[in-house]
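Between the sequences and the hints, there should be enough to build the whole structure, so can you do that?
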Amino acid sequence: MLKIENLHVAYGGIQALRGISLEVPDGKIVTLIGANGAGKSTTLRTITGLVKAASGSIQWNGEELLGKSIDKIVTSGIAMSPEGRRVFPDMTVLENLKIGAYLRKDKEGVAKDLQWVYDLFPRLKEREWQLAGTLSGGEQQMLAVGRALMSRPKLLLLDEPSLGLAPLVVQDIFSIIREINRQGVTVLLIEQNANMALKIADLAYVLETGNITMSGTGAELLADEKVKEAYLGKRRK
Amino acid sequence: MQQILPYIINGISVGGQYALIAIGYTLVYGILRLINFAHGDVFMVAGLVMVYATTAMPIYAAVPLVLVVTVALGFVIERAAYKPLRTAPRMSVMISAIGVSYLIQNLAFYVTGGVPQPVTNPIPWISENVEILGASTKRVTLVTPALTIVLVIALVYLINHTKIGMAMRAAAKDFETAQLMGIKINAVISMTFVIGSFLAAVGAMLYFTNYPSVAITSGGMPGLKAFVAAVFGGIGSIPGAVVGAFIIGLCEELIKGVGYTTFSDAFTFALLIVVLCVKPTGLFGEKVTDKV
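Protein chains in written order, with my numbering: chain A, 1069 to 1305; chain B, 15 to 306.
By construction, these hints were calculated from the structure, which means they are not laboratory data.
Where hints are given, some of them may not hold.
Stated by the list, open to error - Keeping only pairs whose Cα atoms sit at most 27 Å apart, straight-line, the calculated DSS-like set for lysine-lysine is:
(1) K1173/A to K1193/A
(2) K97/B to K1120/A
(3) K198/B to K1222/A
(4) K1173/A to K1136/A
Stated by the list, open to error - Short derived list, chain B residues pointing at chain A, Cβ under 10 Å:
(5) R183
(6) A184
(7) E190
(8) L194
(9) M195
(10) G196
For every residue, glycine included, the Cβ atom is placed at its ideal position computed from N, Cα and C.
Following this line, the structure appears as structure tokens:
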């Protein structure tokens, strides 16, 4: 279980997170929704170690993550698919997947997981030798998720996986996220597409200018009038 | 033809020397977007260490020592002068590089007393004279391009087919995502300085075999020429640096061959201006896209 307590993060004088606390129980899909600049990405980037926290704690299975180096955090079983996909455009699809397993020494396990990723995303298998830069947006997103899975994470962090993708492709991606979760990977998902995110989430948090203002199951928040108005684009009757 | 041939052979050899230095510029630029102005001075230090080492010990110990000292120097420069500025604006790192360049020259001045150090015990086998197609030259002239090609092939293999090479390519594209894969960015950056300094050390040993002495400013000209070669080939590209270096080496020597020795240096720098005006990305350069 991932447990964040009273986490403060500041960038150059601007408070990005003002003491948030949240929990990501094992085996669940948890989502963090909120507007642009609410601090969603900052939360994920602090978990991975890309951003340093000012104070607070992030416990991962009882171990403190703050202050650990990024590679230690990856080895401990946390992987992220970053916002905007960020695949390596000059590398082939296969190389992108292999680099996801950069820290792993068990060759057989890596070969097995490569097969696993290809089973989840058959499209990537077809495009194995293609340069990642030539893939479509949806395929690049699949590659970014597949690359994160190659480290065999227990917790998968997804930063805006639906960004800039056609609605049908978004459907695909979300059904695969569900499938990945069903196979035992805990998912922490942040999304602007609150509707989609809440539909698949077991647990959801609403983040507003660095504070968590609401939490509940995905279904509860979907039905909540304030959430509907602010994030789902529906008027109050 | 018989008259021009020695110049062609020389040109290829000079090109090889430039290539070995140019790769150091291009590798570091590829990953840090930094012109490492201290690189020519690292090359000079390698020459000085060679002079001292070959007088003090047998050749089989001297050559490895030159390589080790130069590699260590490159590593220390990065850790001391560039790593603390990792998040600083690029201009700060460049100024630091210029500072390092002067620091090394002054340290060399202190050690040598400003007197050019004569190459009294050149590396034996390669400094012997051989005859090729009627022209007499030192064996190093023939060894240089061959060794350069072998090292370049080894380097390209390292970059394209090994794990550390994959990490270098990933870091060159996107620091942050590379880190998310668990790649230790500082180790990768150190590696590029180690490789660049190693090649500069090899280049220095070949280069100074042809020269009577090593002065504290000896790194300046070959360093600048190699830099022009890297820009001409497209900075950041290894094949670019190699091709650029061979073209510049050949052109310089051919210009000398037709009797315009005075203009051979001017040609190289005129070429730099033309390249920067006409095709700033060079022969094989990538399109300029800023890291997002």
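Hint by hint, which ones does this structure get wrong, listed from lowest number up?
-> none
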